[in-house]
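Protein chains in written order, with numbering that gives the first Met the number 0: chain Y, 0 to 292; chain C, 0 to 277.
Think of the hints as simulated: they come from the structure by calculation, not from any bench.
Quick reminder that beta carbons are idealized off the backbone N, C-alpha and C, glycines included.
Treat the hints with caution; some may be incorrect.
[To be verified] Facing chain Y, a subset of chain C residues (Cβ under 8 Å, in silico):
1. Leu30
2. Pro34
3. Pro47
4. Asp48
5. Pro51
6. Ile90
7. Arg96
8. Ala97
9. Leu207
10. Phe232
11. Asn240
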Amino acid sequence: MFWSADPERPRIWLMLAPMLVVVILLFGGGLFFALIQSFGYLPLIGQTSVSLGAYATVVRQPSFLASLALTLYIAAASTVVATVLAVAVALAIRATTRGRQALSFIFQFNLPIPHLVGAIAVADLLSQSGLLARVAAAFGLIDDPGQFPVLVFDRWGAGIIAEYVWKETAFIGVTVLAVLHAIGPEYEELARSLGANRWQRLRLVLLPLMLPGVLAASVIAFAFSFGAFEVPYLLGASYPQALPVLAYKRYTAVDLAARAEAMALCVIITLVAGAAIVAYLHVSRRYLRRESD
Amino acid sequence: MPIGGAPSRLAPRPPLLRWCLLAAMVVGMLLPIVPLALWSFAFRWSFPDLLPERWSLRAWRYLVAPESQVLPALRDSLLLAGAVTLLATLIGVPAGRALGMYRFRGRALVEMLILAPLIVPPFAVSLGIQIVFIRYGLADTFLGVTLVHLVPATPYMALVMASVFANFDRQYEDLARTLGARPTQVWRLVTMPAVLPGLVVGALFVFLISWSQYALTLIIGGGRLVTLPMLLFAFARSGDNAVTAALSLVFIAPAVLLLALIARFLGAAPAAGGIRGL
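Given these sequences and hints, build the entire structure.
Right, dumping it as structure tokens:
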């Protein structure tokens with residue numbers, strides 16, 4: 000890191016300016032206009048009064064709580080499963096000597112595959128006439144597609160969760176591999192020389208060292224899957240719908256007043272995703288403070 | 000070594016359990032691609048057959064036929080991702096340099112501002128800004144979609160370049176200047192060669208962010224700008240499994256190719272810890 004004296008300050012801000020324009024105007028502007036529209040301020044259709052009416056309407060709908068619960072469930076379940084799988088597989092890859100590079104590549108090969116393609120692939124795999132149903136039929140487990148469990152377009156979002164687990168395991172896994180690489184073998188060897196067995200080395204040495212990185216990746220995955228639109232739009236049931244799908248449906252409704260409700264839903268999505276991040280920062284700061292004591 | 004410890008340091012886990020886990024990982028990661036590959040060559044494939052009854056190139060022929068609109072969509076997707084990559088590079092490289100090489104008051108705030116678009120769902124932001132885009136004639140246009148793609152793309156480029164510039168020694172530039180190099184020469188002969196690998200990786204990721212974007216293109220493009228993901232979604236809804244599968248493969252081909260390129264460029268597995276939404 001190279002320190003600079005004050006004369007460089009104008010140049011620094013000049014270099015940052017285009018970036019700040021993008022973030023403040025486009026990102027900040029988007030949030031700002033979502034917020035004022037959610038308060039019912041819509042001059043385009045002649046509404047200039049401000050109220051919390053849209054929030055009241057949205058929250059009172061019985062479908063809202065079902066949607067909120069479903070979205071939270073999908074994001075939490077997929078993140079927990081993906082985190083456990085990612086840590087387990089990354090540790091297994093680390094312990095392997097032969098073929099480690101090939102295994103790492105397969106582990107992360109789906110990272111650049113868009114969620115849209117992932118959703119299409121999951122539908123072809125898990126639907127009642129999908130590949131797994133055909134395998135079940137080949138083994139004589141089912142005779143007819145209707146006997147295969149409903150895993151896509153289902154009430155509990157199984158297909159959506161499957162897609163997120165597929166993608167997030169790779170995403171969290173790459174982070175875990177990088178963290179494990181940074182930790183190196185020394186701590187474990189020290190613990191071993193002090194007589195710690197395999198389980199103790201994992202629980203008392205490796206996992207605490209991995210926790211900050213793993214937690215950060217998990218929180219990002221949670222916030223993403225809570226606010227993402229295309230996977231539940233493609234694989235979700237008609238009831239209940241994930242919050243982003245609900246927001247989009249209200250947004251494209253013919254009734255222009257529904258726009259304020261769509262924006263209220265956007266604000267709620269942003270707040271929940273933001274709350275997850277804030278909670279994470281709080282926990283990680285406490286955790287780090289305890290470490291440094 | 001403790002009594003009863005593992006005989007070799009290289010085999011600390013029960014190998015059987017580890018092999019099962021790794022085998023399950025390989026199957027789980029690759030399995031979803033199998034039906035896509037099979038469907039794209041299927042003419043008829045009804046339940047409960049494990050393989051298509053009749054194979055055909057119909058889906059692939061349809062993709063290049065004019066009525067499928069795939070080629071114009073491919074062109075628009077490439078142009079869009081190219082424009083986004085160019086702009087995000089022009090904006091993100093100086094910002095990354097400022098963040099990576101200088102300490103200044105307000106730096107923490109700037110970092111927070113840059114991280115926010117990577118964490119807050121861009122979907123909500125684009126719904127909010129659409130009304131402004133309508134007013135300024137940016138909705139349903141190529142320029143408007145380019146601008147909204149910059150929201151997730153630019154911060155990414157800035158963060159990658161910040162970590163690149165943090166490892167760049169400015170004394171090389173000072174030395175070149177002392178030897179009489181003009182600013183353009185310093186950049187072309189000293190700085191750029193040093194940061195180029197990171198810049199290429201960042202540009203490839205930014206290209207992919209734009210390439211895979213569905214929600215933002217749908218909301219701001221309003222269905223007028225038909226990129227590959229828009230077309231893919233329409234096919235997926237139409238229920239033609241073969242064409243959907245073939246187009247899916249076309250859509251992911253550049254992505255997987257780029258990952259392989261990145262892996263080669265970095266010499267090892269890419270530490271792509273920060274790619275979100277890909």
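Consistency of the hints with the structure:
{"no.": "1", "hint": "Leu30", "verdict": "7 Å, holds"}
{"no.": "2", "hint": "Pro34", "verdict": "4 Å, holds"}
{"no.": "3", "hint": "Pro47", "verdict": "4 Å, holds"}
{"no.": "4", "hint": "Asp48", "verdict": "7 Å, holds"}
{"no.": "5", "hint": "Pro51", "verdict": "11 Å, violated"}
{"no.": "6", "hint": "Ile90", "verdict": "4 Å, holds"}
{"no.": "7", "hint": "Arg96", "verdict": "6 Å, holds"}
{"no.": "8", "hint": "Ala97", "verdict": "4 Å, holds"}
{"no.": "9", "hint": "Leu207", "verdict": "5 Å, holds"}
{"no.": "10", "hint": "Phe232", "verdict": "6 Å, holds"}
{"no.": "11", "hint": "Asn240", "verdict": "7 Å, holds"}
Violated hint for the displayed structure: number 5, the only one.
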